[in-house]
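> So that you can map any letter, position 357 of the sequence shown is 868 in the numbering used here, and since no number is skipped, the others follow by simple counting.
Read the hints as simulated data drawn from the structure, not as lab findings. C-beta atoms are modelled at their ideal positions from N, C-alpha and C, and glycine is treated no differently. Warning: the hint list may mix true and false statements.
As the list claims (entries may be wrong) - Derived EDC-like pairs (lysine to aspartate or glutamate); straight-line CA-CA distance at most 20 Å: (1) K1139 to D607; (2) K1104 to E1045; (3) K1148 to D1126; (4) K727 to D751; (5) K1122 to E903.
Said to hold, decoys possible - Pair by pair, the computed Cβ-Cβ distance ranges are: (6) N1134 to T989: 40 to 46 Å; (7) H711 to H670: 15 to 21 Å; (8) G968 to E585: 54 to 60 Å; (9) E954 to E585: 25 to 31 Å; (10) V996 to G555: 26 to 32 Å; (11) D1050 to G968: 55 to 61 Å; (12) E693 to A759: 36 to 42 Å.
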Amino acid sequence: MTSQVSSPAEQADSTVVGEQRKAARTKDVRRLERVVIRFAGDSGDGMQLTGDRFTSETASFGNDLSTLPNFPAEIRAPAGTLPGVSSFQLHFADHDILTPGDAPNVLVAMNPAALKANVGDLPRGAEIIVNTDEFTRRAMQKVGYDASPLEDGSLDGYHVHPVPLTTLTVEALKEFDLSRKEAERSKNMFALGLLSWMYHRPTEGTEKFLRSKFAKKPDIAAANIAAYRAGWNFGETTEDFAVSYEVAPATTAFPPGTYRNISGNLALAYGLIAASLQTDLPLFLGSYPITPASDILHELSRHKNFGVRTFQAEDEIAGIGAALGAAFGGSLAVTTTSGPGVALKSETIGLAVSLELPLLVVDIQRGGPSTGLPTKTEQADLLQAMYGRNGEAPVPVVAPCTPADCFDAALDAARIAVTYRTPVFLLSDGYLANGSEPWRVPEPGELPDLAVRFAQGPNHSLEDGTEVFWPYKRDPHTLARPWAVPGTPGLEHRIGGIEKQDGTGNISYDPANHDFMVRTRQAKIDGVAVPDLEVDDPDGARTLVLGWGSTYGPITAAVRRLRGAGEAVAQAHLRHLNPFPANLGAVLKRYDKVVVPEMNLGQLATLVRAKYLVDAHSYNQVNGMPFKAEQLAAALKEAIDD
512 MTSQVSSPAE QADSTVVGEQ RKAARTKDVR RLERVVIRFA GDSGDGMQLT
562 GDRFTSETAS FGNDLSTLPN FPAEIRAPAG TLPGVSSFQL HFADHDILTP
612 GDAPNVLVAM NPAALKANVG DLPRGAEIIV NTDEFTRRAM QKVGYDASPL
662 EDGSLDGYHV HPVPLTTLTV EALKEFDLSR KEAERSKNMF ALGLLSWMYH
712 RPTEGTEKFL RSKFAKKPDI AAANIAAYRA GWNFGETTED FAVSYEVAPA
762 TTAFPPGTYR NISGNLALAY GLIAASLQTD LPLFLGSYPI TPASDILHEL
812 SRHKNFGVRT FQAEDEIAGI GAALGAAFGG SLAVTTTSGP GVALKSETIG
862 LAVSLELPLL VVDIQRGGPS TGLPTKTEQA DLLQAMYGRN GEAPVPVVAP
912 CTPADCFDAA LDAARIAVTY RTPVFLLSDG YLANGSEPWR VPEPGELPDL
962 AVRFAQGPNH SLEDGTEVFW PYKRDPHTLA RPWAVPGTPG LEHRIGGIEK
1012 QDGTGNISYD PANHDFMVRT RQAKIDGVAV PDLEVDDPDG ARTLVLGWGS
1062 TYGPITAAVR RLRGAGEAVA QAHLRHLNPF PANLGAVLKR YDKVVVPEMN
1112 LGQLATLVRA KYLVDAHSYN QVNGMPFKAE QLAAALKEAI DD
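Could you put the whole structure together from the sequences, leaning on the hints where they help?
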């Protein structure tokens, strides 16, 4: 373990923090097992930053956590309107949790729009912290309040804390050379300081973050830190907050190791870099910016030191075309997109199927159709990934189940792509991409060996004994063709989208050859090695809940609730959607009822019913938001009792 020496300024800050914590003990402290907090305001109020900082401090404290950022699709929606509300929900606990929570215990509402958009999600008795400075007649009328909800009795069922956040922030920063507008921008830090006091969150990390973020503007950094501390002190000194709360670290939830908070897109980017290192191939990303996948492009562009090359193309088609060219040249090739981009990339994906080259197609699913709901989540691209190409063009499909699992799923997708020489779909979604949770950083020795062997010389003997290279002569176990890097002497071969002759790769219009090649490509995908499906069934249940992708957290939370109430219910979750695990059919036939919750209109259920002739029952939601555990538990209880 290493030690660090603090600067005099940092020592002084530490003294201030110590005095603050000592003072905090003068008020009652209540112990809680878990809390759900939602920050809400205009998209320009810094709610995502506020939530992210609270999350980072919560992660460093050792709580288990899950987050749900929710923001408008517009870059800057009209201020003070319902479509412009941005929110960040965080669920943290002293035990293992799986979802960002069904309903907030605490709502921080920065304006009337934030209150109106979110109050319907609150249970009775929840706490509401309201920025009263924003509750002007005009602001309330803009969202349909005829009278102030702070005065008309409509909030009597909640514990309301009226706080003039804007005024208090401006007052706290009056010694700084800032205009009122500039000072008001720090009100989110005041709110963060107040919530940090309420829940005993560490403060050092946020102050260090602010110094780093505004390193070139030290006055702005100092002002934000002052606002942050003012919010903390306000919680301690005001009579309106008589109680603070403590949520102990989740010491039993995590195996030993080094942990960090991570979002799904960041975990996926790290997984791709790890796959590049494990295959010993340069990583190439050909991409076009699209919500909610753009963060992967942004993150990978920062890692040139790992041999990563990122290419921001002029459109989706160019992005995947460049990636496929990189695959031909011997790179670990990736293209990232969302559903609308997949539609544009479909012809090139079909070309990759024909060329039989490894290519990772990362689809961060969002609401559709067409351009749909860019910032909302959905699972409706499964059938597009399975069948959205002309002709018979099968591809493996892999889906992570949690933000942290995106790391492992990226490695798994890369394994399949390089082993079987095929494009692979990796289906994440907006919920996983933007949500976050603790992630144990793996040791290098824990990562899979993905070593790649390129073709080095002739692999076939003609009848006259001549040694030649056949680009479509297959590995008898995987049916993969050799991967020959251009420029390797003696390995020149044709490549293109027109059907090839088996073995030689020459252009062929022979019907029998085409039939053979189509069936061989299908057999290759059918033969991809995937582990058997694991079933969680401790009680010998008659009902199985089958899920895939990001529904894992809500399904598992719902199953736990039902078992806690004495119900017998089994659960299984699919990572591999093409091919399915070999034992899936046998698993399904063991149960009287199979329920498939999906954020679509029943795409996995359709596949399961067609392939296994099982009467799978769909439970569907397509409102752009993830399932709630209570909602799912009620639906599953109804299915069990039916």
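> Against each hint, give a clear statement of whether it holds in the structure.
Here is how each hint holds up against the structure:
{"no.": "1", "hint": "K1139 to D607", "result": "holds (17 Å)"}
{"no.": "2", "hint": "K1104 to E1045", "result": "holds (17 Å)"}
{"no.": "3", "hint": "K1148 to D1126", "result": "holds (18 Å)"}
{"no.": "4", "hint": "K727 to D751", "result": "violated (37 Å)"}
{"no.": "5", "hint": "K1122 to E903", "result": "holds (17 Å)"}
{"no.": "6", "hint": "N1134 to T989: 40 to 46 Å", "result": "holds (42 Å)"}
{"no.": "7", "hint": "H711 to H670: 15 to 21 Å", "result": "holds (19 Å)"}
{"no.": "8", "hint": "G968 to E585: 54 to 60 Å", "result": "holds (57 Å)"}
{"no.": "9", "hint": "E954 to E585: 25 to 31 Å", "result": "violated (43 Å)"}
{"no.": "10", "hint": "V996 to G555: 26 to 32 Å", "result": "violated (50 Å)"}
{"no.": "11", "hint": "D1050 to G968: 55 to 61 Å", "result": "holds (59 Å)"}
{"no.": "12", "hint": "E693 to A759: 36 to 42 Å", "result": "holds (39 Å)"}
In summary, the numbered hints that this structure violates are 4, 9, 10.
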